[in-house]
Amino acid sequence: MRIVTLSFTIVRTMEQAEKIGTGSTEDPIYRGSGVPVPVFSKRLISWANLVMTLFLTAFSIYGAFIGADKAQAFFNSIPLSVYWLIFTALFIAAISVLPRLLQIRGLFLVHVGCVLILAGAMLGSRAGMKIGDKLFKTDTLRSGQMAIYEKQTAKAVLTEDAVQKELPFDVKLVDFRLEYYDPGQITIQTRQGESFKIPAKPGLKYLLNANLGSVEVVKTFKRLRMISANGKMTAIEDPNGGSNPAVELLLISPEGKITTKYVFERFSGHPAPNENLIFSYRRTISDFISDLEVVKDGKVLAKKSIEVNKPLHFGGYIFYQQSYDNIGGRFSVLRVTTDRGIGIVYLGYILLCAGVFWHLWFRHIFGDRLIED
Amino acid sequence: MALKLTIQGLLIYATIAAYLLAFIITLLRRHKLGTAPYFLGFLIACSAVGFRWYDVRHIPLQNLFEVFLVLGALVFPISIFCNRVLRIGGIAADMLIGVIVLFPAGFIFNAEPQQLPPALQSWLFGPHVFVYMLSYVIMAKAAVLAGLQLSGGSAKDNLLSPEEATYRMVCAGFPLLTLGLILGSVWGQIAWGDWWGWDPKELWSLASWLVYVGYLHFRYMFGKKHPRLNSAWVITGLIVIIITLLWVNLSRLFPGLHSYAM
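Chains as they are written, first to last, in our numbering: chain R, -16 to 356; chain B, 1088 to 1349.
Everything labelled a hint here was simulated from the structure, so no lab data went into it.
Please note that a few of the clues may not be correct.
Chain R stretches covered by chain B per the calculated footprint, using a threshold of three residues with CB under 8 Å from any CB of chain B [what the hints assert, rightly or not]:
| no. | stretch |
| --- | --- |
| 1 | 28 to 39 |
| 2 | 43 to 51 |
| 3 | 165 to 175 |
| 4 | 237 to 250 |
| 5 | 259 to 270 |
| 6 | 293 to 306 |
| 7 | 339 to 345 |
Pair by pair, the computed Cβ-Cβ distance ranges are [as the list claims (entries may be wrong)]:
| no. | chain 1 | residue 1 | chain 2 | residue 2 | range |
| --- | --- | --- | --- | --- | --- |
| 8 | R | V146 | B | F1194 | 52 to 58 Å |
| 9 | B | I1326 | R | N223 | 30 to 36 Å |
| 10 | B | I1195 | R | P166 | 25 to 31 Å |
| 11 | B | A1319 | R | D144 | 21 to 27 Å |
| 12 | B | F1194 | R | T121 | 57 to 63 Å |
| 13 | R | S64 | B | S1338 | 28 to 34 Å |
| 14 | R | G225 | B | P1200 | 30 to 36 Å |
| 15 | B | I1326 | R | P222 | 57 to 63 Å |
Where a beta carbon is used, it is the ideal one built from N, C-alpha and C, also for glycine.
Input sequences plus hints: build the corresponding full structure.
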């Protein structure tokens, strides 16, 4: 019973002591029974972390102004590498020296999370990979691109350092296809600047205005080809033809005169000087998909249809749908990475997230520990 | 600046009118009476969001018009949450925030429906943007309270001092800001194989997160010894958020992966 009373008294005393914090060297952040380090050093570490945070804020804003490519080079430069190392070391020093970071689980998780994110980033960086390769005598592919034509196989990857490396297997692009939102959109502009947007839905009749007449959408084509039959040009859908998306329209003038008009997605054409209307046809891409097969010694080891947000994982490599041949749609561009360090970064994310919610929501807001901390 | 004489536009104007009415009534110290048009405005804002969702057939968070529309609907629940759970008042300021965020949706931003590009077709799209929007509204409220502290005033319905209320708001918003940043990073990894792409939007988001990191560190170090500095820090945070949300998307200075969000 006496032990219980004594424990209760100690806890109460500690709680009361926490409420005294005023920003002096007696501040809660510097108190506690951690590593015996002078208070001055503890304050120095806190200040150093704050200053480093301000520096990183300034670097981030600077990086935003110079564009992604230059920012990447800037943040991977030697001076910034030194900065990252010092920042990580400061985090570790803070965790070791500031007792409250060890005692309060939320704060501990936040700071350990940050250390892991920085460590994972350094491990997966270009410099980190190069050091790792030298230490372990490996030749790791960090990141690169490969362009593959339909029905072709490839194993060569052009790395970010413009060096060609080979995968230990072949990748075959079985098929590549673009998918579009249906319907496409026809835009009609007058020379006076008036604009009409009409969905390319076959059968749709649209009144422009009393002076211009109306438009009727007759048919849409993916591979339009004009053929001559009985001395008359006719549009057909050619299954063996190249990609030539177009739409067939009927223009009905206010006087009732009907004219057939073909509007091509790729070739908007030039209106004659006496033509008042300018037409264009546009479809929006909904997806681009590469059907891939991983092949080794003639055997298909894996297959997947990859698209943006749906990469293929195989043999420690990850294949992302990055780009494609936007003229003929005949080849696909894949980004290949090994994602070293990503597991550590994700673990850091989990800890950071758990830490901030635990500390700020469940301790401060819902735990009513606002003023004390 | 143009009027939107569509159902969508009219719903936005009705919400603005309801929020304004609520604001005026609350200023006249009829708090309870002011709640009715505020709630009505919220219901109309929800209808506007629902209508947009039905119209574009995806969660309406793709461009600035949709984002500001959703911000306008989020103000009321956050206001009630702050009042009931966090014991933080300033409800009149919330009504005004609602009007301010709906104004560009009603008069400035292009409301033409857009289809989702492939990169946005991810389960992370909704959570990533929505969590950010929640945190932005909370941080806006924090900045208003910080401004109140700097001007020496205090919200009549506040149970906490403006400085403490500001801190509590940042405590509420910062985890969401963190989650938004992390979800975006995870999404970048899944979509492009890069958990960090050094894109201007990413860097501005990081900068806004870091401003609040700095604030929290500063407040842990000094507590309430420098209330004006604490408040200035929170206001700076909101300025960086506004740059992240608006300037980065609208300016040609910052081309990048987020350029579609106009």
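Going through the hints against the structure:
no. : hint                           : result
1   : 28 to 39                       : holds (count 7)
2   : 43 to 51                       : holds (count 7)
3   : 165 to 175                     : violated (count 0)
4   : 237 to 250                     : violated (count 0)
5   : 259 to 270                     : holds (count 4)
6   : 293 to 306                     : holds (count 4)
7   : 339 to 345                     : holds (count 4)
8   : V146(R) - F1194(B): 52 to 58 Å : holds, 53 Å
9   : I1326(B) - N223(R): 30 to 36 Å : violated, 60 Å
10  : I1195(B) - P166(R): 25 to 31 Å : holds, 29 Å
11  : A1319(B) - D144(R): 21 to 27 Å : violated, 45 Å
12  : F1194(B) - T121(R): 57 to 63 Å : holds, 59 Å
13  : S64(R) - S1338(B): 28 to 34 Å  : holds, 30 Å
14  : G225(R) - P1200(B): 30 to 36 Å : holds, 31 Å
15  : I1326(B) - P222(R): 57 to 63 Å : holds, 58 Å
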